[in-house]
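**Q** Residue strings, one per chain:
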Amino acid sequence: MGSRNTYIGAVEIGTSKVMALVAEHTGREIVIIGCGECPSRGVIKGSVVDYRAATECTHNALELAERDADERIDFVFLAQTGGHLEGFYNEASVNVKAADNMIEMEDIRTVCELAKSKDLPLGRMVVHNIRRPFRVDGRLVPTSPENLVGQRLEVGYWTVHGQEQRLADNIHVIRGFNLEVRELVLSSLASGHMVTSMEERQNGVLAIDIGAGTTDFVLYRNGAPHTTGVVAVGGGHFTNDLSIGLRLTEAQAEKLKLRFGRALVQARDKAEKVWLDGNFAIGDRQFARQAIENVTAARAWELLEVVKKRLGHAFEHDSCAAGVVLTGGAAKLPAIAECAAKVFGTQARLGEAPTWVNENLRDPGFHTALGILYYGVSAQGDRAALGRRKGGFLQNMTRLFAST
Amino acid sequence: MSKDSITLPESRTWREIPQEVKPRAMSPEGRRRLVMRIVRASVGALVMGGVAWAAWEVSAVVRDPSAMPDAAKSDRIRSLVLVTDGVLDRDWLARTLAIGPNATLMGTDLMQLRARVLADAQVKSATIARNFPDTLSVRISERSPVARLMAQDGGAQPAMLLVSRDGVAFAGTGFDPAMVATLPWLDGARLTRRGDRLEPIEGMGAVADLLASAKLEAENLYKTWQVVSVARLASDSQIEVHTRDGMKVVFGTTGDYLRQIARLDLLLDASSDPTRPLRAVDLSLGAQVPVAYGTAAPTIDAVPAAPPARTVAQGPLIILPAFSNFQTEAHRGI
Chain A
845 MGSRNTYIGA
855 VEIGTSKVMA
865 LVAEHTGREI
875 VIIGCGECPS
885 RGVIKGSVVD
895 YRAATECTHN
905 ALELAERDAD
915 ERIDFVFLAQ
925 TGGHLEGFYN
935 EASVNVKAAD
945 NMIEMEDIRT
955 VCELAKSKDL
965 PLGRMVVHNI
975 RRPFRVDGRL
985 VPTSPENLVG
995 QRLEVGYWTV
1005 HGQEQRLADN
1015 IHVIRGFNLE
1025 VRELVLSSLA
1035 SGHMVTSMEE
1045 RQNGVLAIDI
1055 GAGTTDFVLY
1065 RNGAPHTTGV
1075 VAVGGGHFTN
1085 DLSIGLRLTE
1095 AQAEKLKLRF
1105 GRALVQARDK
1115 AEKVWLDGNF
1125 AIGDRQFARQ
1135 AIENVTAARA
1145 WELLEVVKKR
1155 LGHAFEHDSC
1165 AAGVVLTGGA
1175 AKLPAIAECA
1185 AKVFGTQARL
1195 GEAPTWVNEN
1205 LRDPGFHTAL
1215 GILYYGVSAQ
1225 GDRAALGRRK
1235 GGFLQNMTRL
1245 FAST
Chain H
9 MSKDSITLPE
19 SRTWREIPQE
29 VKPRAMSPEG
39 RRRLVMRIVR
49 ASVGALVMGG
59 VAWAAWEVSA
69 VVRDPSAMPD
79 AAKSDRIRSL
89 VLVTDGVLDR
99 DWLARTLAIG
109 PNATLMGTDL
119 MQLRARVLAD
129 AQVKSATIAR
139 NFPDTLSVRI
149 SERSPVARLM
159 AQDGGAQPAM
169 LLVSRDGVAF
179 AGTGFDPAMV
189 ATLPWLDGAR
199 LTRRGDRLEP
209 IEGMGAVADL
219 LASAKLEAEN
229 LYKTWQVVSV
239 ARLASDSQIE
249 VHTRDGMKVV
259 FGTTGDYLRQ
269 IARLDLLLDA
279 SSDPTRPLRA
289 VDLSLGAQVP
299 VAYGTAAPTI
309 DAVPAAPPAR
319 TVAQGPLIIL
329 PAFSNFQTEA
339 HRGI
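Chains as they are written, first to last, in the working numbering: chain A, 845 to 1248; chain H, 9 to 342.
Excised from the complex, chain H in its bound form:
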């Protein structure tokens, strides 16, 4: 007997009983479950639909760039917006970014532009964003100078660099020359080039603290400070300050700067005899303050405004030893 040769009667099984029940025949809990199920199914369908739509849109854009949405199909960059906490301006930004006249917002590589901005050591951090339809927004944080120095790289002309609190030396674009003229010169520091950048000068944090304390608490003294030397900072934990009237003051980095400045102020007040001017004061020894007196006070005009630049050897960029005449005289005084 073969199955193919006969027609088998179809028995109905309980599985043919429809399981659909009208909501009115349900209990409140059953209706609640039904609603929850519908909600879950709807949310699931919406999510699935959303994902499918997004995938289709992405694939459409990938296949056909002309299908790109309006925002992505932006026009060329028409405006640059610079937000900064310093002195750099929009012209500097335009020069730095060097964006072509036909560059479009989406066609521009933001990472590349950011690298250009950060290439200027004056810029500490930068964020670049697209503001559709045609604006490029650049937000930067700048370094503030605490000192300045003269440096000569190879055969080039000596150039003045500004030094920030974190030891980074930079050209200093856009700063007011009058403000720059008030900054003391940095001496005894060693600049080393690594690639396109200069290595940060070590110990600038201590120098910045001393200068900030002096500027804040004894501005009259700070104004007379012409050179700050870090030559003995690493070895003796001392910072030497040379004033415009030829006095050398040694500060210890382990002591309290405010106390040392107060002592200096007291000493200067106590030794106001013009015939015996102070030539050297060592504040790094705590309560004991050795001083040296001179015989005649040099005039301020005799002090050069900036040291003559000297060529340094190739390789590491060496900062010029500034004010050697002052150093010599100061040492002699002590």
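With the rest of the complex left out, here is chain A:
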């Protein structure tokens, strides 16, 4: 890219909305210069089901963001979610080769490749290989173990993989705008990075991003992602339950959910009624407040229970001292933090963007897009650093010409 500034697009194709941010990357810092948002169509539970509709709204969001930034996007970091994403853990160990037992880069490379090499079922593709801390003779090494002395080097990878067609669909939506997808970033990693601090990740924290169609979660331990997952249930299901339970349209149920929904039942009086619209127009009806709260609370509890169940033994109170952090559009549901605290038996809070994030971008709806930028740029930097270490002059020149 030379000395020219790079304009990066961060795109999240969600179930309820498509969010696009444009950031100017100077090589030293990232400045958000444009934002575009468009109601999502053709996307169910994070997966594209109507290519044309999804393309149209995504491109609208990209155009809005470019217009807002007054710059053209060079490439895109794309958020990835959906029920097709799964993860597994695989670890490997090697004996240190050097006679003096000093760990060399070759040992590290070997153990990493061994830990990452596991056959995937047909039609599955790796989205992320998340490395857990190294262990040297059982001793935890959070950073590089190079030049440490030991006999046995161990490492584990949490590998996130997804269905090839679903991944390709998402990529092709962006390619339809003639933009290259430079990084796929797991939504949970993106939002998790934004709403948790380094200290919390070090102590252990569970970040849950409750979107409209999916709920993404990531459990951090020892400062690194330990386990990730996606549950194909989101805020949209709260609305759906209300719609069925109270015999309402989706729009009416959504309105009731936003006005009276709670993650814990608060109303004690069964006779307390609330109006659907409150304008006394024809068709305006009354509903029992407790009934609404019962539906949303039951769904919220169930959703968090599913997350807890998916985490299984990975979630332990001792290794998750910082508790649970909730973000995403559905995390605006009142009392959701208290509900999470009860389900997980630990402290819980609503996630907030770091203080350096501009006031206009502090809404939970922006957390994933901001996280994509942060995570994508970090991944690019890591890859460039790895390339510099691995490649010789000739390889670098070849790469330079290939990239142009």
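Take the hints with a grain of salt, since some may be wrong.
Said to hold, decoys possible - Here chain H is said to cover these stretches of chain A; the calculated rule only asks that three of the stretch's residues, wherever they fall, bring their Cβ under 8 Å from a Cβ of chain H:
id	region
1	892-903
2	1013-1020
3	1144-1150
Worth flagging that the hints you see were computed from the coordinates, not collected in a lab.
Glycine is no exception: its CB is placed at the ideal position from the N, C-alpha and C atoms.
Fit chain H to the given chain A structure using the hints.
**A** Only chain H this time, still in chain A's reference frame:
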């Protein structure tokens, strides 16, 4: 366990998903971006190609002069074209340039030729251009003379020089002798040689203005002016004019020339008595015009057409003091 001892299974990553999309699957904006990208890439490739081709051509010429393009490999110069605003002609150009018979267009140093042309002080500016395949084009701007003088450089014969408005003295090639004969002689000026050139005479702008005004507004008077002296120009801001009939007229450079010439004309008309001819008129004092009358008018034939040339000292070239007899008589008159 060594990496070399086992075969690791290859996991497919999302980066293996081809990102090529057919244009029909693109949105209109995407297609527009694609077209723009192709256009930009094409223009970039063309520019790069053009630069590379030019560099290759230049390097080929540098390596092998026989690979020079036809224009550069021009034949010898077959014709000279002169464009001028004066009187110099093609023969003068040929003499001045002194181009050899086998000189080629590209083999000729234009800067050197221009220096030769400009060596003639009659030429004010010159532009020389190659017109392929065999023509050398010279465009010059010439100086026009406003006066003349006789000068002698060392032991050489006295020679007449013409003086232009900017004070440059030059030999005056190609001018009509009849026109040159109408020019007044310049007196009191000092010529200094610097290198191959003569320094411009100072104050010639004022003299040129006076002569131009007289020629334009009172040609009958101008025709009688034989000598213009700038001896007192620097000290008294005066220009002395000596007429063919022995009258001295002093003009002030600070006043309006037209007004002074009009006064002179009026005086000459008023004093038409042949027994008391005007011998001196001083117009430099404004409304007050001292005049001196003589007793007998000298005949025009008595006035020499040109002053006898006198040798000047080596070093600075000194203009000959012209018409000393007139100066003497004029001073006596006043």
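**Q** Are the hints correct? Go through all of them and say.
**A** Hints, one by one, checked against the model:
{"no.": "1", "hint": "892-903", "verdict": "holds (count 4)"}
{"no.": "2", "hint": "1013-1020", "verdict": "holds (count 4)"}
{"no.": "3", "hint": "1144-1150", "verdict": "violated (count 0)"}
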